[in-house]
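Peer 1: If you want the building blocks of each chain, they are given just below.
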Amino acid sequence: MTDITAQISRGSAGTGTNRVVLLWLCIGMVGFFLLPWYVQEDGFWSFEWLVDGYPFDSDYASAAFLLGQGIKLWLAPLALFLALPLLVLGRHKTDPLFAKILLISGIGGLSWLLLQGFAIGIKGWQFGIFEDMFGPLGDRQFGLGYGAMLLAACFLFMITIGAAARGAVNGDIFVVSSIGFVVAIVGIFIFFPIVGMLAGALRDNDGAYSIFIFMEKFTDRKIWGLGCLSANVSCGVAWNSLVLGVIVGISTTLLGLVYALVATRSGFKYSRLLRALTVLPIITPPFVIGLAIILLFGLSGSITQFVADVFGLTPTRWIYGLPGIVIAQTLAYTPIAFLVLIGVVEGVSPSMEEAAQTLRADRWTTFKTVTWPLMRPGLANAFLLGFIESMADFGNPLVLGGNYDVLSTEIFFSIVGAQNDQGRAAVLAIVLLTFTLGAFFAQRKWLGKKSYAANTGKGDGGAHPLLPRRLKWPVYTIAAIWTFMTIVIYCMIIYGSFVEVWGLKNNLTFRHYIDAFGIKWTENGILWVGSAWNSFWTTIQIAAIAAPLTAMLGLVTAYLLVRQSFSGKSAFEFGTMLSFAIPGTVIGVSYILAFNVPPIELTGTGVILVLSFIFRNMPVGVRAGVASMAQLDKSLDEASLTLGANAWQTFRSIILPLLRPAILAAVVYSFVRAMTAISAVIFLVSAEYNMATAYIIGRVENNDYGLAIAYSTVLIFVMLAAVGILQLLILKSGKTRLSSI
Amino acid sequence: MNTKIKSNASSVTFENVTKIYGGTVKAVDKVSLTIEAGTLVTLLGPSGCGKTTTLRMIAGLEMVSEGRILIGDQDVTKLPATDRDVSMVFQSYALFPHMTVGENVSYGLKLSGLSKTDTKEKMMAGLELVGLKGYDARLPSELSGGQQQRVAVARALVLEPQVLLFDEPLSNLDAKLRRQVREEIRDIQQNLGLTVVYVTHDQEEALAVSDRIIVMRNAEIAQEGTPRDLYDRPADAFVADFIGEANLLPCTISKVEDEIAEVNIGSIDLKLAARGLGAGSAKLAVRPGRIALSARKVSHSIPVKLMKSTYVGNHMEYLVKGEFAEIFVISTEMNADLPVGDTVYLKFREPGPVLLPEG
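Chains as they are written, first to last, in this note's numbering: chain A, 1 to 741; chain B, 742 to 1100.
Bound conformation, chain A alone (with noise of 0.2 Å):
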């Protein structure tokens, strides 16, 4: 006889708490005392500063050895802050003491080490108030390494554990550290560099700050002119980029309607296959398609010549400027409207139509009147999702543009051009951002969360009708177009990258993937001898390390948002879906501005890019997060916390299994969308980190599109793998498509 004498008790989460605290005190310790204090110039992943005059010299020494030397001085308040905790330690978490101390030493501390980073720079004092104040000062100091960043995140969940311990979100140390983390670091690497750079638009050369400086560049004759009208001269930038972008919205739309059509309404037998269109842009690096579009219609491309020939025309640049940056990205876009479109034609009931047909409406009323109105709403959403898609494309106007100029490729050559002009690159980058942030509000405004809804809807029974007849073939044609020629682009590029020199040499030749990717055995192993290697790597690393950072923090945020209510919400749900409308070239000018100097000095290193991906991929994985999670039963969670589970017991073991496939598509996503990115990329890359997609448009401008071509060649064949390897696991799994993002 067995008699259970084990107690079965709850709360006691006291001594929980108590070790929590315990843990970022050690962390905090650690990078007090041990870690170095400073920024290592030989990258964050380089560990020689350990052999190299650890602990004692001051470029690597701890926060403690520096302050035992007698130097940063500015720095022992933070010791303070740090020992404030051990006060609290035996204490339970409804002391009211506990949550205060934690507070004192978390808000205290954190704010001394923000205000002597920003105070205190590579010349010494920052701001010429302090010198007045305190005299000038002796020392300087560079960014903060890793001890600042383990005792900053000691500090910050200080602070969450005091507001958990206050009754915070019903006082769940989890949830409150969360949302604490995720404000954090939204803050630092999105609202910092954006506001950071609102503000050196507003610095004339010397940093002065002047809104007259502002204004006159602002109203730039080259940004708002109006001279096309009128007379021979181009318009400006910002009406280049806005007529571009309503253009391409409206044809991605209309196009991604007539693949919906066809794939949901036509009884195609096939028109399952049309959705493996979906992939394509996800695979394909965004300057791709207008490689191949000069290839088929520049001045040596396939076509031209053709016509050439035939009809005796002297061949022309028609294709630079806006007629080949339109055809690229409507290419490159429509797929994205589609994936959007299709939820919404298939959210529209069938029932309603099946109604409206027993009231004897025929077909084309059916359509007209019934279907054509519901979708109305997903039409807008798909127009300005293309409008901020094509603002925000950096690559084929950098390929295709000619002589007209847009915003993204005129923020890139203030920067990195002769002229070298940061202040009109964020005056630039303010305009395209005005634009991208109006039809992001737009979206969110009139349209809400159908976004989301648009695939949770599910019909309730019943088939959609067929096409009525006066839209079949003219609908069935365009798509058929279409198909063709995106499939002739694709053969193009294969095609391209066998070709000599286009054009000229046009035998097939193995010569591009030997340069790009040559490959020679030595005595001492394998040599990469290509060229591409070296970025090849990197990219590959960073794209590695990014994408399973993307995919947390994704679904962490999609976790607040679905199944936490917290005071703040819409706001903490607008901060990490905003970086979705901050073009790529808006958050590279950005990064740099602020992350060149101190405190945080990340230019030239892997890390930044690193960053910048997680935090311009984040949406995709918040909106896979929170797809994925609006479908998981909410009383699932509830059933655990009765059960007497904590909110981190519950996301580990209840929701964080029943999302692997959400997780492993997000990861994989991030991954594919790393390795393609571009705009950002181009102001980050350092010769010491080099991306693919940065060295192949360096080839491009060298004319060496061969290679170029060769190269791309090789990245959508390793994304392409990278998606279907993701497409087998799932089906192993089976438990949710693709198509589900």
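Hints in this document: simulated from the structure, not taken from any laboratory.
Please note: incorrect hints may appear among the correct ones.
Listed next, the stretches of chain B that the computed footprint assigns to chain A, with coverage defined by at least 3 CB atoms under 8 Å from CB atoms of chain A [said to hold, decoys possible]:
1. 800 to 810
2. 816 to 826
3. 838 to 848
Subject to a maximum C-alpha distance of 25 Å in a straight line, what follows is the list of computed DMTMM-like cross-link-like pairs (lysine to aspartate or glutamate) [stated by the list, open to error]:
4. A/K634 <-> B/E803
5. A/K634 <-> B/D824
6. B/K1012 <-> B/E1000
7. A/K732 <-> B/E844
8. A/K569 <-> B/E803
9. A/K634 <-> B/E844
10. B/K1049 <-> B/E1067
11. B/K819 <-> B/E807
12. A/K569 <-> B/E807
13. A/K634 <-> B/D943
14. A/K732 <-> B/E883
15. B/K819 <-> A/D95
16. A/K100 <-> B/D824
What you are looking at is a predicted structure, and each value in this text was computed from that prediction instead of being measured.
Every residue, glycine too, gets a C-beta built ideally from N, C-alpha and C.
Chain A is fixed; fit chain B onto it per the hints.
Peer 2: Frame of chain A; chain B shown alone:
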């Protein structure tokens, strides 16, 4: 194998509890109630009346806006679900689909810090209690709806909670299983002496399983009592109509003497318990099943016109029109040949009509 699932039954007390959603919507408005330890109490009411919110506030899944909640003597108002000794059986069962039945039942035990062997023994005992011995290695998806339901019950029971909550536990079962499962729940509750709070919108289910029923309406308690109290002595027209059906007929109290009222309804005079009412107009609640119809006149009956007659298998349903109102009647007398359109004679049966306040 003598591991027993014990009971730690405690009472639940609400003191002026209010729950406000989004700043304005009152889901529960100044509710005070006491649920005795070891009893099964049902929260009953139409959808949107606040019964589920009340249940979720006991669980700690919703936090009160004002007021206090006590479980036993402990004030749990500020405690989240994790720290309350309460478990819950969900409408959807909420079995974790990626865990076996055994893992589901062990989940809370492991989190409570029980050793592996203790956890296993408790889990087995729990499954045996609900009649699912030997099912521990299966996945929830391999079980029928009724079996899943029992796993959910076992998972909640093994924690030996102070209070066990059921949120419409039968609504996903088919009609035949419902009766069986509700008896099982009642048996377990009585054998172990558990405190159970049970939410349903089905009045028959509530009457069948409860020690006491709390009827809610518009975020407030409409009436509280034993099933018999509520059925025979409804406090107002809402309760009378919600628990079983009732004909609500206008009547007049001519005088009240010694708590006995003389009531006129049409040409009938009745003597009924006054229930605190004075002379004047009032309402009379009459259960459809407590009315007799006959083709011939009997004493204390009134003539009515038979409007409609419906055969529904185990009883007959009639609609008659009298001098005061239309009345709905249920009769188990299947062979009475009452032709529609004829005049028939209506008589109230014992226990008879109940007086309700006007309005």
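Peer 1: Give a verdict on every hint.
Peer 2: Right, here's what the structure says about each hint:
1. Evaluation of the coverage hint for the segment 800 to 810 of chain B: fulfilled, as 4 residues show C-beta separations to chain A shorter than 8 Å, against a requirement of three.
2. With 8 residues carrying a beta carbon less than 8 Å from a beta carbon of chain A, the segment 816 to 826 of chain B meets the three-residue requirement, and the given coverage holds.
3. Three residues within the 8 Å Cβ limit are the bar, and the segment 838 to 848 of chain B against chain A gives 3, so the coverage statement holds.
4. Distance restraint check for A/K634 and B/E803: the Cα-Cα separation of roughly 13 Å lies within the 25 Å cut-off, and the hinted pair is therefore satisfied.
5. Proposed proximity of A/K634 and B/D824 is supported: the alpha carbons are some 19 Å apart, at most 25 Å.
6. For a cut-off of 25 Å, the pair hint linking B/K1012 to B/E1000 stands: about 10 Å separates their Cα positions.
7. With a C-alpha separation of about 23 Å, the suggested pairing of A/K732 with B/E844 holds against the 25 Å cut-off.
8. Using a Cα cut-off of 25 Å, the hinted pair A/K569 and B/E803 holds, with the two alpha carbons roughly 17 Å apart.
9. A hinted pair counts as satisfied when its Cα atoms are at most 25 Å apart, and A/K634 with B/E844 qualifies at roughly 19 Å.
10. Among the hinted pairs, B/K1049 with B/E1067 is consistent with the structure: their alpha-carbon atoms are about 11 Å apart, no more than 25 Å.
11. Under the criterion of a C-alpha separation no larger than 25 Å, the hint pairing B/K819 with B/E807 is consistent with the structure, at around 11 Å.
12. At roughly 23 Å between alpha-carbon atoms, A/K569 and B/E807 fall within 25 Å of each other, so this suggested pair holds.
13. Of the pairs offered as hints, the one joining A/K634 and B/D943 holds, with about 24 Å between alpha carbons and a cut-off of 25 Å not exceeded.
14. As the CA atoms of A/K732 and B/E883 are separated by approximately 19 Å, the hinted pair is consistent with the 25 Å bound.
15. The suggested pairing of B/K819 with A/D95 holds, with an alpha-carbon distance near 14 Å, which does not exceed 25 Å.
16. Between the alpha carbons of A/K100 and B/D824 the distance comes to roughly 22 Å, so the proposed pair stays at or under 25 Å and holds.
The earlier numbered hints are all upheld by this structure, with none contradicted.
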